[in-house]
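Protein chains: 2
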Amino acid sequence: MSNPRKVVIVGGVAGGASCAARARRLSEHSEIVVFERGPHVSFANCGLPYFIGREIKDAAKLQVQTPEKLNRNLALDVRENSEVLSIDRQRKVVAIRETNGGREYEESYDVLVLSPGAAPLKPPIPGIDRSGQFTLRNIPDMEAIDQWIDKVGAKSAVVVGGGYIGLEMVEQLRHRGLDVAVAEALPQVMAPLDAEMAELLHQELEAYGVRLYLGDPVAGFEEPAEGEEARASTVVLKSGQRLPGDIVILGLGVRPETSLARAAGLEIGDLGGIRVDEHMRTSDGDIYAIGDAVEVRHRVTNQWTLLPLAGPANRQGRVVADNIFDIPSVFKGSWGTAVLRLFDLTAACTGANSRQLDKEGITYVSLPLHPGSHAGYYPGAQPISMKILFDPTSGHLLGAQAVGRDGVDKRIDVLATAMAGGLTVDDIAEVELAYAPPYGSAKDPVNMAGMAAQNVKEGLVRIATAADVAGRDEAATVVLDVRDAPERDKFGFIEGSVNIPLGELRRRLGELPRDREIIVHCMSGQRSYMACRILVQEGFKARNFAGSWKTWQQRPRG
Amino acid sequence: MSNPRKVVIVGGVAGGASCAARARRLSEHSEIVVFERGPHVSFANCGLPYFIGREIKDAAKLQVQTPEKLNRNLALDVRENSEVLSIDRQRKVVAIRETNGGREYEESYDVLVLSPGAAPLKPPIPGIDRSGQFTLRNIPDMEAIDQWIDKVGAKSAVVVGGGYIGLEMVEQLRHRGLDVAVAEALPQVMAPLDAEMAELLHQELEAYGVRLYLGDPVAGFEEPAEGEEARASTVVLKSGQRLPGDIVILGLGVRPETSLARAAGLEIGDLGGIRVDEHMRTSDGDIYAIGDAVEVRHRVTNQWTLLPLAGPANRQGRVVADNIFDIPSVFKGSWGTAVLRLFDLTAACTGANSRQLDKEGITYVSLPLHPGSHAGYYPGAQPISMKILFDPTSGHLLGAQAVGRDGVDKRIDVLATAMAGGLTVDDIAEVELAYAPPYGSAKDPVNMAGMAAQNVKEGLVRIATAADVAGRDEAATVVLDVRDAPERDKFGFIEGSVNIPLGELRRRLGELPRDREIIVHCMSGQRSYMACRILVQEGFKARNFAGSWKTWQQRPRG
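Chains A and B, in that order, are what the protein sequence lines are. Numbering-wise, the first sequence is residues 41 to 598 according to my numbering. Numbering-wise, the second sequence is residues 41 to 598 according to my numbering.
The hints are simulated quantities; they were obtained by calculation from the structure and are not laboratory data. It cannot be assumed that every hint is accurate.
Since the list can't tell identical chains apart, any single copy or any two copies may satisfy a pair.
[Stated by the list, open to error] No farther apart than 27 Å at their CA atoms in a straight line, the calculated lysine-lysine pairs in the DSSO-like style are these:
1) K399 to K109
2) K590 to K195
3) K191 to K132
4) K101 to K581
5) K101 to K530
6) K109 to K581
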């Protein structure tokens with residue numbers, strides 16, 4: 041058993057709380073002090089938006105632990121409303137100020153754990169500090185939003201920023217009955233998703249009556265003009281568009297809270313997070329740092345990254361406690377696995393997306409597919425728009441994304457686990473998943489993705505993307521639609537495409553040119569794959585438009 | 041590209057159909073003939089029960105492909121109602137009889153693929169062939185059941201056998217409004233599950249008014265006696281119990297269809313399935329076999345096993361097509377991943393269960409836990425009763441089971457994928473899964489299982505099972521309940537247990553003996569784990585009753 045240590049933890053939410061609990065279990069006789077600047081330790085920060093829309097009706101449920109309970113069961117010395125002002129690394133003490141009362145004092149440590157979290161970004165946009173404009177990071181923020189809505193009788197909201205918090209707030213504000221507009225500087229919401237996946241979120245937002253302003257950064261927050269109904273501000277976009285709101289939610293992202301670490305001279309990374317080693321140790325061997333304040337290695341790109349996610353924060357807390365008490369655990373990095381619910385849709389992702397892979401110059405193939413959430417003959421199957429990104433040489437999985445109404449989180453969790461196990465597309469083609477008609481298919485979407493990727497890797501088919509189709513040289517390329525004619529009539533077709541249904545292809549090969557490339561599509565890419573196999577074996581140059589018509593319908597706008 | 045071959049496939053469902061489709065995609069110019077004895081190729085055999093309960097309203101939906109469609113799109117020569125009578129391996133021909141008309145003829149092959157499936161077991165129990173008694177394996181069986189129910193106006197059913205088909209039929213017959221009794225020779229339903237997991241299914245069956253007769257084999261099927269309401273038979277059990285039924289469903293398992301293979305002198309395994317190598321090749325290099333008719337290696341025990349599952353059958357079909365056309369794919373074996381829906385419950389498993397591990401003498405620890413399907417503070421979280429079985433030395437996962445109302449299939453799929461990747465409990469403790477409150481927890485149930493197992497592996501805690509508690513030597517053992525007193529009052533307690541709430545344990549250590557082993561429990565095993573850590577560090581001998589009170593409530597009956 042390890043010797044008792046005096047462990048001081050700065051920040052008692054997520055990682056900090058996990059670290060404290062694990063530390064106690066490892067060392068009954070250590071002194072463990074947790075300082076929390078705010079009034080609440082161990083609250084459910086991921087649950088905050090759901091109180092606004094009253095899916096969570098009792099705010100007390102968000103208070104997962106109280107200092108009293110932590111003291112009683114875990115013998116933790118939890119001090120809320122206590123801000124750590126500075127670290128004296130020579131003397132190994134921290135200075136604390138009680139935010140109620142202002143008493144200042146020092147506390148010594150053997151080991152210090154920094155879990156200060158991240159602060160909402162508030163860029164210096166004119167008017168950003170006007171009243172009625174809120175960030176959402178803790179329970180007081182949540183209560184302030186809730187009270188403002190009631191106080192002004194808010195009927196309209198403007199959400200600035202289409203990331204996780206922004207979109208969760210959009211959903212919840214709609215549930216609360218407000219009219220909602222979203223302004224996003226980028227051409228899409230949810231940056232972790234590739235553009236064509238985000239497009240499904242755009243469609244869902246619009247279906248729920250949310251007004252969407254993409255690629256249009258905020259220029260200022262202004263006093264509402266004459267005739268503008270707005271109890272808070274009018275959000276003015278760069279385009280000149282004016283969005284009056286009774287409340288404004290700022291979801292512009294977060295930045296690591298590093299003031300304490302910087303002042304103490306700890307190493308800070310290029311992205312502005314605290315730099316740690318694989319044991320979560322900072323540049324000072326007696327100080328660890330965890331959670332949203334640190335930079336971690338991205339497991340796919342191996343680049344330092346900021347990934348403010350609750351799951352990794354919790355695991356980092358455990359790793360730190362282990363290391364303090366001589367269990368040499370490591371935190372290998374993050375995959376960026378995440379999920380968002382947006383009205384009836386679920387959007388989830390893991391690993392790297394196209395932009396990240398492009399940026400790092402990593403060769404990959406992006407393979408979209410459109411399976412059903414379960415066997416088509418059993419009622420209630422929902423389409424999933426899914427994609428995997430993989431290394432076409434080794435077959436290793438590099439990332440995956442999915443959007444749909446059912447079964448999305450399951451497939452991404454499976455693919456995240458596959459990546460953790462270093463599985464290739466050959467492996468995921470044969471991973472044995474639980475099948476009965478209400479749950480999946482004999483060939484699960486994950487298997488289908490693996491098989492389709494395997495076909496690419498083995499050279500059985502070359503694939504074309506929506507961009508290839510849109511940007512084709514008409515003189516050198518034919519787009520062949522192998523759907524049946526009624527499908528073209530019902531769903532539409534790609535301008536300029538030739539239609540030969542798969543069932544007629546073998547006897548109508550003479551209608552196709554041998555000197556041009558044929559990009560083949562159907563509804564989702566399966567019949568067109570068969571068509572490509574026929575064409576290639578008959579000596580034609582052919583590529584399969586993977587995802588086909590369904591992916592074509594997800595082309596990014598603008 | 042490979043040379044064209046003449047491929048003859050015997051059996052056009054699941055594996056056979058997959059093989060034919062993949063073969064065509066690999067070889068446009070090969071001749072591919074599929075013989076199917078029954079009237080339907082490529083039907084959805086897993087969907088048959090759901091038509092009986094009218095969840096699937098249109099029987100035509102079960103007919104996934106027609107010969108015409110397969111011919112048009114895949115240029116397959118599909119011959120239904122055509123029974124292959126024999127194989128002449130010297131001449132490489134099969135003899136066929138058309139079941140409509142009786143014409144007999146021969147067909148030559150370069151490569152033969154046997155996908156004959158399995159036949160329902162009908163042991164020689166007196167009266168087993170009485171009318172109104174049905175097995176369910178294909179569409180004609182399903183139609184016969186459906187018509188009998190209508191014809192006799194069935195109000196009661198007896199289902200013999202509590203496996204997948206039996207329980208799916210129980211559920212669907214209840215949906216159809218019948219009164220249902222189940223008779224099972226074993227002391228539990230669903231043999232792939234360990235006893236304490238099956239107990240939850242017993243409780244669910246009873247909650248839905250199903251009468252359950254366990255550990256009581258059928259002695260005979262008799263003409264109903266005077267006063268017994270039964271339009272079919274009275275099922276008489278070994279105990280003398282008489283179960284009158286307007287319809288009787290026989291769900292006694294299946295046996296591989298090997299008559300053709302045996303007659304041709306192909307090697308048959310000890311379990312009665314066709315023996316194949318990892319390329320699914322039989323003892324004759326020109327003959328492959330796939331699906332329910334073959335024995336496969338169990339991936340955990342490495343023993344030959346019979347696992348009649350749709351997923352592996354489909355993948356085997358693909359593997360065979362690959363091998364025929366010079367892609368050296370292998371089928372490494374099966375994990376036995378499976379899922380059952382029973383009313384509101386989902387039960388799923390992967391890998392080996394306790395009985396299989398015991399039988400093979402594989403050392404393992406069985407770790408039960410009771411997480412919520414998602415974050416507890418977000419409404420609608422459902423309890424999951426889960427267990428993992430792992431190697432306490434290497435930490436490798438050997439099996440997993442889960443039963444609950446939500447999120448069960450997801451966790452088993454993740455754990456199945458983890459096993460495919462050779463992950464250890466250390467790895468699953470940190471696998472990064474998609475978390476938002478509606479979907480999971482920052483520490484997902486899978487992570488929790490990994491962390492709890494890690495604690496065992498690292499020697500931080502020793503665990504006790506329900507059997508240890510039930511069979512304890514009272515003189516040498518104390519059972520310590522660290523729940524709060526109101527929980528004991530509300531939920532009950534283990535006879536003879538001592539109660540010291542966790543929050544009081546540190547100051548009441550003096551009440552506990554140092555010369556006896558203390559088995560600690562709480563509600564689900566988390567507080568008792570903390571208590572164990574305190575006790576062990578204070579010099580007591582303590583074990584944690586993993587799963588605790590909730591697992592105690594799942595003790596097998598009888």
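Numbered hints the structure breaks, given as an ascending list: 1, 2, 3, 4
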